[in-house]
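**Q** If you want the building blocks of each chain, they are given just below.
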Amino acid sequence: MPTAPKLYRRVSGRTASFTGYHRLYEGADHLLLVHSTGIREDYRRFFYRDLQAIIVRPTSRRRDNAVAWGAFTAVTGLPALATALAGVPVLPIVLGVLAASFGAVLIANQALGPTCECHLQTAVQCEALPALRRLNRAQKFLGQIRARVAEVQGVLDPEEFAARLAANRAAGPVAEAELPPVMAPEAPPTA
Amino acid sequence: MEVFPALLRAPATGRKAETILLDGEAGCFYHPEKKAEIPCAECGRFLCALCDVELNDRHLCPACLEAGAKQGRLVELEQRRVRYDSIALALAIVPLLMWPFTFATAPAAIACALYGARQPRSLVSRYWPRAAVAIVIASAELLGWAVVLYVVFRDA
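Quick note, the sequences are listed as chains A and B, same order. Take the position in the first sequence, starting the count at 1, then add 713; the result is the number in my numbering. Take the position in the second sequence, starting the count at 1, then add 11; the result is the number in my numbering.
What you were told as hints is all true, and nothing was included just to trick you.
Distance windows between CB atoms, simulated:
# : chain 1 : residue 1 : chain 2 : residue 2 : range
1 : B       : Val-158   : A       : His-832   : 55 to 65 angstroms
2 : B       : Ala-21    : A       : Ala-741   : 18 to 28 angstroms
3 : B       : Val-93    : A       : Ala-880   : 45 to 55 angstroms
4 : A       : Ala-836   : B       : Leu-108   : 48 to 58 angstroms
5 : A       : Asp-777   : B       : Arg-26    : 43 to 53 angstroms
6 : A       : Leu-855   : B       : Gly-35    : 53 to 63 angstroms
Because the hints were derived from the structure by calculation, they are not lab data. All residues carry an ideal CB built from backbone N, CA and C; glycine is no exception.
Generate coordinates for the entire structure from the input sequences, incorporating the hints supplied.
**A** See below:
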């Protein structure tokens, strides 16, 4: 089978989950969200022409992770120090390796920057993008995607957007009379 | 929050198929009473506005769309693919922890890598780097087994 031309460019790092990892790719006319279990890849496509909004919300996950990894580091590092001072032979090395591993994860967590949640909205869905969990990566992604979407949809005029938003708010919810009729459920048969 | 112009776009409305009014007008293959508007890009059947499904600037009939999705001919509709290169690599490496199993898993790894080369591959990753590593490791395992068997039978 001939080698297929490269259709996608990676726009996010690998984000692990319980069932595998997620990664986001940029195609010619759509974004591709890949969930890989290692032996199988599942694809979801989001076309640039359909994107209505991308919502990035900062979260406290970085702080929570720092507390957890800091606690693990302390719980293993302090006994390692105490047993080393007491002259215990092997235990300080085992605990020291564990503490160093937890400490490395803690440092990596801090170095990767603030965390966030990212959602992508179209006319019919609002999907989470689990591949984007760090704010700096999400901002970089927004910079890339903005240009792509602008090529397809054009640029949103802020004044027009504000005017349309105000008009929609003024119009309020759709009146009940304008909604399509709902069929009444059939009555259960009686004996 | 980044907002795009599609947010202000009115929801798309479906097209209605026109009924044939004049003699000699071509009818839809699936709805003979409806006016044909375009031929299917795959099978050439005439389609009305109801049956016309547009996919990446191609106009397909529902049957070709379904067949294409089932047979993997329409890459745009594919939702999953199996990573035979990863399976082959796992078959080559993981059994090294319990090395006697490599007698069976090494040929399986090579077979998996070669079988996967003829199957649809990942849309985002290259196939051969992992598959080649799997084949090299599995071949080394087989070579090891060949040496072991040679030594055992020579001594026997």
